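Please take these sequences and the hints and turn them into a complete structure.
Order-wise, the sequence lines are chains A and B. To convert, note that position 72 of the first sequence is 72 in UniProt numbering; the numbers rise steadily by one, no gaps. To convert, note that position 24 of the second sequence is 24 in UniProt numbering; the numbers rise steadily by one, no gaps.
No lab work stands behind these hints: they were computed from the structure. Values in this document were obtained by computation on a predicted structure and should not be read as measured data. In this text, a Cβ means the ideal position worked out from N, Cα and C, and glycines have one as well. It cannot be assumed that every hint is accurate.
As the list claims (entries may be wrong) - Have a look at the derived ranges for each label pair, beta carbon to beta carbon:
#	chain 1	residue 1	chain 2	residue 2	range
1	B	107	A	1	35 to 45 Å
2	B	107	A	48	47 to 57 Å
3	A	8	B	43	35 to 45 Å
4	A	14	B	55	35 to 45 Å
5	A	35	B	112	19 to 29 Å
Now for the letters of each chain:
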Amino acid sequence: MRMDVTNHQLAVGSIELTGVASASLLQVGDSGDVCLQSMFDTPPESVIVGPLAPLGEPVEVSTGPGTEVEEPAP
Amino acid sequence: MSAHPGWQPDWPPRISRVDRLEVIALSYSSVVQLGDHATFAPRLQAIAVQRELDHSAAGEAEFEAYAMFSEPYPELDAFAWLSESGSGICESVAMRRTQVCPDIQVGRIVTLGVSNASLLQIGSSGASRADSRIKHIRQYAPPGPPEASPDVP
Numbered sequence: 001m002r003m004d005v006t007n008h009q010l011a012v013g014s015i016e017l018t019g020v021a022s023a024s025l026l027q028v029g030d031s032g033d034v035c036l037q038s039m040f041d042t043p044p045e046s047v048i049v050g051p052l053a054p055l056g057e058p059v060e061v062s063t064g065p066g067t068e069v070e071e072p073a074p
Numbered sequence: 001m002s003a004h005p006g007w008q009p010d011w012p013p014r015i016s017r018v019d020r021l022e023v024i025a026l027s028y029s030s031v032v033q034l035g036d037h038a039t040f041a042p043r044l045q046a047i048a049v050q051r052e053l054d055h056s057a058a059g060e061a062e063f064e065a066y067a068m069f070s071e072p073y074p075e076l077d078a079f080a081w082l083s084e085s086g087s088g089i090c091e092s093v094a095m096r097r098t099q100v101c102p103d104i105q106v107g108r109i110v111t112l113g114v115s116n117a118s119l120l121q122i123g124s125s126g127a128s129r130a131d132s133r134i135k136h137i138r139q140y141a142p143p144g145p146p147e148a149s150p151d152v153p
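So, in structure tokens, the structure goes:
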């Protein structure tokens with residue numbers, strides 16, 4: 001497929017916004033390709049009402065970032 | 001998300017003109033850029049904990065305890081989806097740009113903040129790849145009289 005894009009005049013008077021947050025982009029210009037990804041997790045069960053015990057221990061250390069991953073035996 | 005080899009566009013990027021830019025705060029792997037770039041790939045991981053005890057008394061939070069920090073994102077490739085969906089639209093997409101007007105004009109940009117792996121750019125770019133992962137946990141004591149000592153093993 002071939003896509004032809006013709007950019008004519010673009011003039012904006014004023015941009016007012018509260019914020020640019022969580023893997024977002026505000027750009028005045030041209031761009032090649034953009035891939036922005038964000039996860040935000042605050043489910044109801046993330047509210048812990050009870051004894052002030054420690055938070056969860058690491059359970060997936062072997063797959064966590066920054067840890068060694070063992071190669072499966074052939 | 002593969003690394004971009006460098007910015008070599010076969011189209012002329014336009015010149016960006018902004019008369020006035022106001023930003024109050026900039027934080028957490030964010031950038032305000034005046035100019036062009038080839039690649040931009042910020043990454044943020046955060047555990048936002050609100051609780052009554054501090055970390056020295058109740059222990060640290062660990063990224064490895066939550067699967068969302070190690071889960072891969074789905075590959076986002078719209079062109080590949082078009083070619084696999086049986087529509088026969090494309091095997092690949094060739095995009096050609098014609099710039100009639102050589103510049104983009106903005107009078108004024110006002111924002112409170114740029115935060116969490118974000119970008120405010122006056123200029124053109126090659127590839128932008130941002131990744132933000134935030135886990136929010138609220139940990140409160142049960143209602144009633146306060147405990148004499150925290151139950152920390």
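Right, here's what the structure says about each hint:
1. Between residue 107 of chain B and residue 1 of chain A the Cβ separation comes to about 37 Å, which falls inside the hinted range of 35 to 45 Å.
2. The given range of 47 to 57 Å is respected by residue 107 of chain B and residue 48 of chain A, whose C-beta atoms sit roughly 49 Å from each other.
3. Range check, residue 8 of chain A to residue 43 of chain B: about 36 Å between beta-carbon atoms, so the 35 to 45 Å window is met.
4. Checked against the hint of 35 to 45 Å, the C-beta distance between residue 14 of chain A and residue 55 of chain B comes to roughly 44 Å, which is consistent with it.
5. Checked against the hint of 19 to 29 Å, the pair residue 35 of chain A and residue 112 of chain B passes, with Cβ atoms roughly 26 Å apart.
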